[in-house]
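Okay, here's what each chain looks like letter by letter:
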Amino acid sequence: MSPEKIQQMIHQALPGSQVKMSGADCNFAVEVTSTDFIGLSPLKRHRLVNDIFKAQFDSGELHALSIKTRVPEPD
Amino acid sequence: MSAEQETLAKIDEQVKNNPVVLYMKGTPQMPSCGFSSRTAAALVETGEKFAFVNVLADPGIYEFLPKYQDWPTFPQLYIDGELQGGCDITLELAASGELKSMMTAANAKVAS
Chain A
1 MSPEKIQQMI
11 HQALPGSQVK
21 MSGADCNFAV
31 EVTSTDFIGL
41 SPLKRHRLVN
51 DIFKAQFDSG
61 ELHALSIKTR
71 VPEPD
Chain B
76 MSAEQETLAK
86 IDEQVKNNPV
96 VLYMKGTPQM
106 PSCGFSSRTA
116 AALVETGEKF
126 AFVNVLADPG
136 IYEFLPKYQD
146 WPTFPQLYID
156 GELQGGCDIT
166 LELAASGELK
176 SMMTAANAKV
186 AS
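Quick note, the sequences are listed as chains A and B, same order. So the first sequence is numbered by my numbering: it starts at 1 and just counts up by one. So the second sequence is numbered by my numbering: it starts at 76 and just counts up by one.
Think of the hints as simulated: they come from the structure by calculation, not from any bench. Please read these numbers as outputs of a predicted model, since none were measured by experiment. If a hint is listed, it holds; no wrong ones were tucked in.
The list that follows gives simulated cross-link-like pairs (lysine-lysine, PhoX-like), each with its CA atoms no further than 20 angstroms apart:
{"hint": "1", "chain 1": "B", "residue 1": "K124", "chain 2": "B", "residue 2": "K100"}
{"hint": "2", "chain 1": "A", "residue 1": "K44", "chain 2": "A", "residue 2": "K54"}
{"hint": "3", "chain 1": "B", "residue 1": "K142", "chain 2": "A", "residue 2": "K54"}
{"hint": "4", "chain 1": "B", "residue 1": "K142", "chain 2": "A", "residue 2": "K44"}
{"hint": "5", "chain 1": "B", "residue 1": "K85", "chain 2": "B", "residue 2": "K100"}
{"hint": "6", "chain 1": "A", "residue 1": "K20", "chain 2": "A", "residue 2": "K5"}
Residues from chain A that keep clear of chain B, each with C-beta distances beyond 10 angstroms, as calculated:
{"hint": "7", "residue": "M1"}
{"hint": "8", "residue": "V19"}
{"hint": "9", "residue": "D36"}
{"hint": "10", "residue": "L40"}
{"hint": "11", "residue": "L48"}
{"hint": "12", "residue": "E73"}
Have a look at the derived ranges for each label pair, beta carbon to beta carbon:
{"hint": "13", "chain 1": "A", "residue 1": "G39", "chain 2": "B", "residue 2": "D87", "range": "25 to 31 angstroms"}
{"hint": "14", "chain 1": "B", "residue 1": "E79", "chain 2": "A", "residue 2": "E73", "range": "41 to 47 angstroms"}
{"hint": "15", "chain 1": "B", "residue 1": "E120", "chain 2": "A", "residue 2": "G39", "range": "29 to 35 angstroms"}
{"hint": "16", "chain 1": "B", "residue 1": "V119", "chain 2": "A", "residue 2": "K5", "range": "33 to 39 angstroms"}
{"hint": "17", "chain 1": "B", "residue 1": "E88", "chain 2": "A", "residue 2": "K44", "range": "24 to 30 angstroms"}
{"hint": "18", "chain 1": "A", "residue 1": "G16", "chain 2": "B", "residue 2": "D133", "range": "40 to 46 angstroms"}
{"hint": "19", "chain 1": "B", "residue 1": "A183", "chain 2": "A", "residue 2": "Q8", "range": "45 to 51 angstroms"}
C-beta atoms are modelled at their ideal positions from N, C-alpha and C, and glycine is treated no differently.
Extracted from the complex, chain A is given alone in its bound form:
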């Protein structure tokens, strides 16, 4: 998967989110900032992101995704 594709899928699933990417091939690290994470446990936040790539994990297209989740700082 390309980093652009990953970024695009996260933006689509979590509108208004900010995504920082690093890594290559099938091992990526993403840092996602989204208001959708507010009030969620770390496990639930990661699930939100993992679920976006369910098909890619199932097919083996994506092996690992290192995830950092943040909520936006209040203005």
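Let chain A serve as the given structure and place chain B on it in line with the hints.
For chain B alone, coordinates are given in the frame of chain A:
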């Protein structure tokens, strides 16, 4: 029972019978993947007891563990029967000190 049901039942037993269990690629001494290596190291660092399962040594667990709690990747950490998460979450819990206290509490429950 199908191979899947049998394996899921086996995993369920491991998760319920061990206060802390880490499913990882390789072993804490010989990890086969960077994520598993960092996660196991964080657990060792706490000084608390934990069990581990090498998913590479058990093809059934390797195949079906992602379905058990609908979590797509390895490693997976379970404390007191509950999925905590993978490498990222474990390292966050370790950094905040929560990991050690959760492991201590889970291990104490069994000892008493």
